[in-house]
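Number of protein chains: 2
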Amino acid sequence: MSVEELPLPIDASPRLQALISQPVPPLTSMPNTIEGWRKFQREEDAEATKITRAAVEMVGATVDLASIAGVPCFRVTPRQVAAKNEGRLIFHVHGGAFVFNGGYAAVGEAALIADAFKACALSVDYRRPPDHPFPAAPDDVLAVWKTVVGEHDAAKIAMAGTSAGGGLIMTTLLRFEEFDLPRPGAAFIGTPAADLTKTGDSTYLNAEVDHVLGRYEGRMEACLRLYAASGDLKDPMLSPIYGDLSGFPPTILISGTRDLLLSSTIRTHRKLRTAGATAELHVYEGQSHADYLMSFPGPESQDALGEIAQFFDRHLRY
Amino acid sequence: MSVEELPLPIDASPRLQALISQPVPPLTSMPNTIEGWRKFQREEDAEATKITRAAVEMVGATVDLASIAGVPCFRVTPRQVAAKNEGRLIFHVHGGAFVFNGGYAAVGEAALIADAFKACALSVDYRRPPDHPFPAAPDDVLAVWKTVVGEHDAAKIAMAGTSAGGGLIMTTLLRFEEFDLPRPGAAFIGTPAADLTKTGDSTYLNAEVDHVLGRYEGRMEACLRLYAASGDLKDPMLSPIYGDLSGFPPTILISGTRDLLLSSTIRTHRKLRTAGATAELHVYEGQSHADYLMSFPGPESQDALGEIAQFFDRHLRY
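Chains as they are written, first to last, in the working numbering: chain A, 51 to 368; chain B, 51 to 368.
Incorrect hints may have been included.
Given that identical chains are not distinguished, each listed pair holds provided it fits within a single copy or across any two copies.
[To be verified] Derived pair list, reagent style DMTMM-like, types lysine to aspartate or glutamate, alpha-carbon separation capped at 25 Å: (1) K196 / D114; (2) K206 / E228; (3) K196 / E107; (4) K196 / E54; (5) K168 / D203; (6) K248 / E258; (7) K248 / E93; (8) K89 / D230; (9) K134 / D285; (10) K284 / E55; (11) K100 / E227; (12) K284 / E357.
Calculated from the structure, these hints are not laboratory results.
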């Protein structure tokens, strides 16, 4: 069924209604050269940077550049840090299909979560294809984590990320045993790229319905294959849902009824529960992929950010 | 999209695969006389009774008839009652589109939950249309609750029900303030009939996909209208999602990605969270309406029953 035939959710705020009413992106041809990808990436990052600057300004956060373990990062200080959050930290990994949202665009989500939770965030501007395919991104995230937990109590840190960011958090957590690294006190894994293959009901039922991703084929698949390079998409280092999720920290997951990655989200939730982890699921009516971010500052976005903040507060040491 | 084009979930057990592979029920004409409805109901109840007898036998539960406040009920004693559950009780309200699963068929779900939680259950065989439309059913559930909480500590009781049963639990809870009744310690509301109108993404996206319900039109709509009689389907006493859910007990909700009532379930979850209630959501890949019951004794069903039992154990006084 196409999204035009689907009624608007009856309770949706005007902000969410406007988002939902956007057309599903058409199937377009993707770059077929390295230079074409670089140009596409620069253009997309520039657009995302504008949106990020507006979001950072709206919440009044301060953003500073940092270099940790040789990886560029951003330190995000919200307008207000709660007294009990002074020793707590959000370790943020941005989304963007592993290809986009680099540079300053990385911090948009970090700023929203830092503002809602009233705690500082550190956002990792990991390397991306076409110049740096897998495993550059998880290597960068792991390197920053190693340094950060040398200076902070891991039980006071929450990992947080959406889409590719959620997938990268899962991949990083899968490597903790090998490197004997301490786990974070909590994680937020929003509509994660936990399975890079076209698997799960929502990749079929929500194709041509999700106004953000549209469908698996085309842009999304091209980005995932560019990132994976010669890797097998079913390798748990690429599709962490196929890994052993035991030992994961308490995790909150968020998706929507129109999200192409709804199945990826609920499958991850069940895998976590089966592995014995504390895991909490929230699904929003009418929302496509990551609409809980894009609908900011609407009430549905505030609601989701509030759930994340409450969850972190319950599970992080202070 | 039709269910034939949808791949089977990759991890589904053979039992669930067999269920999922069943065709979606065709759109059939429904009875148009009271006598026609009575006959249809008798035939359906007889079929459901057979399935219930097999389920009760499989778990080795004992079922006894009781009359409480003039309402026929069943007392279900599982093979094993855990020591700490001796004072705890499952107050069960059966599903069946408000029209079916009366008589002995009422106890199927009660027996499965009693077995998983290792506690006794009481199942209410409420009055149904065509002879007793709304508000006979919620009146019966309320009358039994009033008597039960005169004899039991409500904090030791969990309400539990699927589909129409979940909707009736919600409707009953909405009336507790008016009658100054004590709340149960916890509730399980499985894929509830919380909204009798055709509302929510899943009523569109999962039409012709849900192998149990098929679609809103036809059988489901005819049953809901028979039950509501002249009532307005948006009345909170019929569609409790439109009521004030504040004061609801800690609640666990279950649905699936092919469930026609997925939206009803996740909207109820969000309404409960917004009202300040503890509420936990579980969504199963590939499952249609109430497949977590129908796939018993498969592992997905055991998993769902295990979640319900853990939730009750965490929240009920003992």
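Evaluated hints:
For the identical chains of this complex, K196 and D114 are intra-copy neighbours only, at 20 Å inside a copy versus 61 Å across copies, given an alpha-carbon limit of 25 Å. For the identical chains of this complex, K206 and E228 are intra-copy neighbours only, at 22 Å inside a copy versus 45 Å across copies, given an alpha-carbon limit of 25 Å. Neither within a single protomer nor between protomers do K196 and E107 lie at most 25 Å apart by alpha-carbon distance, with minima of 31 Å and 55 Å respectively. In the homo-oligomer, the alpha carbons of K196 and E54 never lie at most 25 Å apart, since the shortest distance is 47 Å inside one protomer and 48 Å across protomers.
Proximity of K168 to D203 under the C-alpha cut-off of 25 Å is restricted to the intra-copy arrangement: shortest distance 18 Å within a copy versus 41 Å between copies. Proximity of K248 to E258 under the C-alpha cut-off of 25 Å is found in both arrangements, the shortest distances being 14 Å within a copy and 22 Å between copies. For a Cα distance limit of 25 Å, the shortest separation of K248 from E93 qualifies neither inside one copy, at 27 Å, nor across copies, at 42 Å. For the identical chains of this complex, K89 and D230 are neighbours neither inside a copy (39 Å) nor across copies (67 Å), given an alpha-carbon limit of 25 Å.
With identical chains, the CA atoms of K134 and D285 are never at most 25 Å apart, being 40 Å at best within one copy and 45 Å at best between copies. Taking the shortest alpha-carbon separations for K284 and E55, only the inter-copy value of 22 Å comes in at or below 25 Å, while the best intra-copy value is 35 Å. Taking the shortest alpha-carbon separations for K100 and E227, neither the intra-copy value of 39 Å nor the inter-copy value of 51 Å comes in at or below 25 Å. Taking the shortest Cα distances, K284 and E357 never come within 25 Å of each other, neither inside one copy (31 Å) nor across copies (29 Å).
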